[in-house]
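Participant: Guided by the hints, dock chain R onto chain G, whose structure is given.
As given, the protein sequences belong to chains G and R, one line each in that order. The letter at position 36 of the first sequence is residue 36 when you use our numbering, and the numbering goes up by one with no holes. The letter at position 36 of the second sequence is residue 36 when you use our numbering, and the numbering goes up by one with no holes.
What the hints contain is simulated information worked out from the structure, not anything from laboratory work. All clues stand as given, with none of them false.
Which chain G residues stay away from chain R? Per the calculated CB distances, all over 10 Å, these:
#1 Lys16
#2 Phe27
#3 Leu36
#4 Asn37
#5 Ser81
#6 His110
#7 Pro111
#8 Ile112
#9 Ser113
#10 Ile124
#11 Ala130
#12 Pro140
#13 Ser156
#14 Gly165
Sample of chain G residues facing chain R (criterion: CB under 8 Å; computed from the structure):
#15 Leu67
#16 Pro84
#17 Gly86
#18 Gly89
#19 Tyr97
#20 Leu136
Not the full set, but computed from the structure, chain R residues with beta-carbon under 10 Å of chain G:
#21 Gln20
#22 Leu22
#23 Leu24
#24 Leu36
Fair warning: this is a prediction, and the values are worked out from it, not measured in the lab. We put the CB at the ideal spot given by N, CA and C, even for glycine.
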Amino acid sequence: MTVRMDSDAQHIEVHKFYGGTVAVVCFLALVIQAFLNKYSTHFQLLELPLLVVVYFGLSRRNSTSGLFLGTAVGLLQDGISHTPIGLYGIAKGFIGYIASSVGARLDTEHPISRFILMFLFFHIHQVVLAITIHLLLAQPEAFFSLHLLIASLVNSAVAVFLFAGLDRLRR
Amino acid sequence: MDIPSRNRPLVLLVAVILAQVLLLAFQIKRGQDVRLIRVWSAELLAPPQRAGTFVISKIDSTWFGYIDLRHARAENRQLAAEVGLLQLKNQQLEGQAAEASRLAKLLGFRQANSNVPTVAAEVIGASADSNSQTIFINRGASDGLRRNMAVVTPDGVVGKIFEVLPHMAQVLLITDKESGVGALLANTRTHGVVKGTGGPLLWMDYVTAGEKVPVGEEILTSGEDKIFPKDLPVGTVVSTKPGTPIQTIKVNPAAHLDRLEEVLVLLTEQSLKTKESDAAVGSAAPEKKSPSSKAQGSAAKAPHVAGVAKNAAGVSKNAAPAGNRAKTPAKTPAPPVKKPAAVAKPGGTNPAGTRQ
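So that you can see chain G by itself, here it is in the shape it has in the complex (with noise of 0.2 Å):
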């Protein structure tokens, strides 16, 4: 179900989904990541979690709720990482905001317009992850890399078809 409403003179369509359906698309992103990782380093190039952050960042349309959806999903990975809790924290709650401000301003639907944007918030992602990884932890971390890029594609191109998937649970 799209709903349509007035917001600085515009029209902007707003998904709804059925209920719990976002915590539970989150959660098996969270635990498939985890799951795939376990059997093959090549599963690494994905990023399910941030996939899904930009998904429903760009289906609502709500900046705040995006803002803690990125957040939410950002601390359960740190949770279940190596990482400090909040590294991933910041970064998806950022593009959780993004996702949902971009959202309301530009064509999301279009497959090729979500490989773009995907293509585009995976390395927003990783810069803020590495800002926040040289600011506090005081470590290297690259900005960008052909591992990134062929990652980046990756997530890319995996987006365009699980968002269509994920399109099918709006109501």
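Facilitator: What follows is chain R alone, placed relative to chain G:
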């Protein structure tokens, strides 16, 4: 604070990120295993703390350095008065300590010479005449003092009793021109007579030119004058001047004659000799009971010491030692009371000019 609804998400973003940064700071440890939140807290709080400390210290120093000094002047005056009082008290204590030290030395001397009866006396005055070197002590005839008794300090010879009053006595110092002490050089045992010069130094007479007298050599009493016991310090040689046949030897007194305060009067030396003399001479000179006549009696019995014995009446200016006596001319005519000395003249000695 009223935040416009349009900016609320942004403020929320900042708040959430800040909260997580703080959360990270609680977990992350930097060098020295210190949590980042502690580092930040310290760095955040240090500048205002420094500034506060600086301001407080300035206020403190201004208050205590200027404003709170209202009573400083009065307090300073009071403290200065207290310091003066304490200095005075300190001087008194130092004086008492010095006196105690001197008395301890006297006591030590008395104990070391316990066979010689002594009387401790305090110096109560000095001569009004600058030409005579005498002092007054607070002991007199009532304390058993007699003329010609030796007066010493633990440092050395002081002089002899010159006049005896009931409760005080006058002491002729060895630095007086009329004084003389039978003495010998400590190392070579060469005999001579140490005489006063009227000044602070003494000079030793009757030491022949051939004798080698090093500067600094100690001079002791020889005991030949029958006043001072043997081997009491008289002084040290400060200079020698060759002469023919007698060399001139200047001597620094061993006793600190310029700052005498307590002295010891030897009571027995004279008395013992007197008894011996009495026994030896018998009634040879019954009319003379003076120390000089008694000593003379002794001299008559033992001619080889006659030259000394005839001067036993006191510290003899011309008390020539036996070895040098024959060469020594008489400098001072013998006073009338020295009749016994004249008797001893045939014994081959020079006349003794003994001051009486």
